[in-house]
Amino acid sequence: MPGWQALHEELSPQGVEIVTVSLELSGPEVSRPFIDAASPTHPSLLDPTHQMGALFGVVNIPNVIWIDEQGIIVRPAEPGFPGGDHYPDWLRSFLDERDAAAEAKAAEIEATDPELAAKIRGGQDQQSYADALRDWAANGADSRFAMPPDEVIAASQPRPAAVSEAAAHFELANDLWRRDDRDAAIPHFNAAHRLQPDNWTYKRQAWSLVGNERAGGGELGRFNQGPLPGEESDWPFDGNFTEEAGSTPAGDYYPKTLDV
247 MPGWQALHEE LSPQGVEIVT VSLELSGPEV SRPFIDAASP THPSLLDPTH QMGALFGVVN
307 IPNVIWIDEQ GIIVRPAEPG FPGGDHYPDW LRSFLDERDA AAEAKAAEIE ATDPELAAKI
367 RGGQDQQSYA DALRDWAANG ADSRFAMPPD EVIAASQPRP AAVSEAAAHF ELANDLWRRD
427 DRDAAIPHFN AAHRLQPDNW TYKRQAWSLV GNERAGGGEL GRFNQGPLPG EESDWPFDGN
487 FTEEAGSTPA GDYYPKTLDV
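In the working numbering, the protein residues as written are 247 to 506.
Note that these hints are calculated values from the structure, not bench results. Remember, predicted model here, so these are calculated numbers, not experimental data. Fair warning: there could be bad hints in the mix.
As the list claims (entries may be wrong) - Pairs of lysine to any residue residues, derived as SDA-like cross-links and limited to a Cα-Cα distance of at most 25 Å, are as follows:
| id | residue 1 | residue 2 |
| --- | --- | --- |
| 1 | Lys502 | Pro433 |
| 2 | Lys502 | Glu489 |
| 3 | Lys502 | Arg380 |
| 4 | Lys502 | Ser285 |
| 5 | Lys502 | Arg425 |
| 6 | Lys502 | Glu275 |
| 7 | Lys502 | Ile313 |
| 8 | Lys502 | Ala414 |
| 9 | Lys502 | Thr287 |
| 10 | Lys502 | Leu301 |
| 11 | Lys502 | Leu418 |
| 12 | Lys502 | Pro443 |
| 13 | Lys502 | Pro259 |
| 14 | Lys502 | Ala400 |
| 15 | Lys502 | Arg428 |
| 16 | Lys502 | Val409 |
| 17 | Lys502 | Asn306 |
| 18 | Lys502 | Leu441 |
| 19 | Lys502 | Gly249 |
| 20 | Lys502 | Ile432 |
| 21 | Lys502 | Phe487 |
| 22 | Lys502 | Gln297 |
| 23 | Lys502 | Phe302 |
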């Protein structure tokens, strides 16, 4: 959130409006502390039913959609980042430890399988993505990053029957969970994950609902998206973040869609 606020302050004089959206089933009280901490001067919206996925094809966070002054999409949903490091100290420490472990693992892989290491380090560049937005702010429709309508359509997520069915299961799961019928919600979450396996918002939402509770909440509770040690057999989902993200190359987790 602070990163998008900083980018908003930079680009708003050029006519760019940043709008952030929190995809979170648990309600506004879960998202509000993060919004308040960023003190945004741009619109910050809540999406408890994941309409961003249903309407725009958002399948992970952060995803970014570019919309011009005429309300026309010029870049469909894609991984995007504000650049810089705007994390609070507690999260920065957590991420530093995670990144150090990831780098050690990458170095180990590099020594035995350089091709696989290159894939793991691939994907959308997190530091340069904002430069594409800056180019669009300066050049508008003439920006090399602004896509014509036919390219937007070609790049947009397809919606085959399985994806539509996944959306229906996820909506049912959301409704049942909000009604506190959790046992009935779990099979629908699992069905959504199975039918659209590349939709990380479906997975991470479900995993964090249970994982946060089992971790006891707190600052890092939201980052617990899997079973606690010793509770693996009681985990209600077919997968968890550590296993699935760990087996997915970064180039697939945040696919590269532009070169700055």
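- Query: Any of the earlier hints contradicted here, and which numbers?
  - Reply: 1, 4, 5, 6, 8, 9, 11, 13, 15 and 20
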